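Please build the complete structure, drawing on both the sequences and the hints.
Spelled out from the first residue to the last, the chains are:
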Amino acid sequence: EADIYQTPRYLVIGTGKKITLECSQTMGHDKMYWYQQDPGMELHLIHYSYGVNSTEKGDLSSESTVSRIRTEHFPLTLESARPSHTSQYLCASSKLGTGWEIRGYTFGSGTRLTVV
Amino acid sequence: GQQLNQSPQSMFIQEGEDVSMNCTSSSIFNTWLWYKQDPGEGPVLLIALYKAGELTSNGRLTAQFGITRKDSFLNISASIPSDVGIYFCAGHYGTASKLTFGTGTRLQVTL
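The listed protein sequences derive, respectively, from chains A and B. According to the working numbering, the stretch in the first sequence is residues 78 to 193, in order. According to the working numbering, the stretch in the second sequence is residues 69 to 179, in order.
It cannot be assumed that every hint is accurate.
Label pairs and their computed distance ranges (CB to CB) [claimed, not checked]: (1) A:GLY117 x B:SER94: 22 to 32 Å; (2) A:ASP80 x B:ASN126: 15 to 25 Å; (3) B:ILE135 x A:THR142: 36 to 46 Å; (4) A:ARG86 x B:ILE96: 19 to 29 Å; (5) A:ASP136 x B:ASN126: 20 to 30 Å; (6) A:ARG147 x B:GLU83: 21 to 31 Å; (7) A:TYR127 x B:GLU85: 21 to 31 Å; (8) B:VAL112 x A:ASP115: 16 to 26 Å.
In silico negatives: residues of chain B with every beta carbon more than 10 Å from chain A [what the hints assert, rightly or not]: (9) PHE80; (10) SER88; (11) THR92; (12) THR124; (13) GLY127; (14) PRO149; (15) ASP151; (16) ILE154; (17) ALA158; (18) THR171.
Keep in mind that the hints were calculated from the coordinates and are not lab data. Bear in mind the structure is a predicted one, so any value in this text is a computation, not a measurement. Glycine included, every Cβ here is placed at the ideal spot set by N, Cα and C.
Right, here's the structure in full:
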């Protein structure tokens with residue numbers, strides 16, 4: 078039973094299109110993250126948020142943007158998709174506060190994006 | 069920044085064999101976590117370790133927090149086909165706001 082939901086699971090879209098990847102969690106977690114992962118490769122943090130109206134860039138530079146207007150919702154947007162954006166995008170969440178990171182993140186199932 | 073290197077990078081083993089993989093860091097961590105990612109899914113937490121020297125089991129999985137606090141090990145006994153996937157270690161230190169993930173070990177199990 079998933080507590081963090083990502084939609085769509087798969088998306089094939091043409092170059093230049095604007096896309097939004099959705100991520101929602103029902104656990105009341107304050108912190109949310111977006112990771113980019115090429116098939117079978119490392120996880121790269123591209124965005125994270127500590128709570129409503131808080132967003133930070135991650136370790137890997139990304140042309141995507143994020144917003145956090147509601148605690149449970151953390152969408153990722155690409156204004157103009159390019160083939161180089163083809164990848165898997167994983168959303169995760171955890172509670173805010175000392176010690177919660179060590180209990181691990183809860184990940185969604187991911188969105189596999191293909192830009193043609 | 070902190071880096072976590074996992075080895076081996078990939079493994080091809082036969083069903084029934086035991087598996088060992090490790091994760092090493094250039095700096096110390098206070099917590100080590102092990103995740104498994106099935107093909108096409110997000111990572112799922114397997115084991116969490118909170119104390120140097122700690123040995124923790126979860127079914128056929130056993131993980132250890134290295135004494136130096138710079139490494140951790142994961143062992144899988146009697147592997148089965150559903151063990152296929154990518155295994156990631158992750159570390160946390162002090163008041164850091166994020167986990168640091170390893171480079172992953174890709175496991176393939178043949179019948």
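For each hint, the structure was consulted:
| no. | hint | verdict |
| --- | --- | --- |
| 1 | A:GLY117 x B:SER94: 22 to 32 Å | holds, 25 Å |
| 2 | A:ASP80 x B:ASN126: 15 to 25 Å | holds, 20 Å |
| 3 | B:ILE135 x A:THR142: 36 to 46 Å | holds, 44 Å |
| 4 | A:ARG86 x B:ILE96: 19 to 29 Å | violated, 38 Å |
| 5 | A:ASP136 x B:ASN126: 20 to 30 Å | holds, 29 Å |
| 6 | A:ARG147 x B:GLU83: 21 to 31 Å | violated, 46 Å |
| 7 | A:TYR127 x B:GLU85: 21 to 31 Å | violated, 43 Å |
| 8 | B:VAL112 x A:ASP115: 16 to 26 Å | holds, 20 Å |
| 9 | PHE80 | holds, 14 Å |
| 10 | SER88 | holds, 20 Å |
| 11 | THR92 | holds, 15 Å |
| 12 | THR124 | holds, 13 Å |
| 13 | GLY127 | holds, 17 Å |
| 14 | PRO149 | holds, 18 Å |
| 15 | ASP151 | holds, 16 Å |
| 16 | ILE154 | violated, 6 Å |
| 17 | ALA158 | violated, 8 Å |
| 18 | THR171 | violated, 5 Å |
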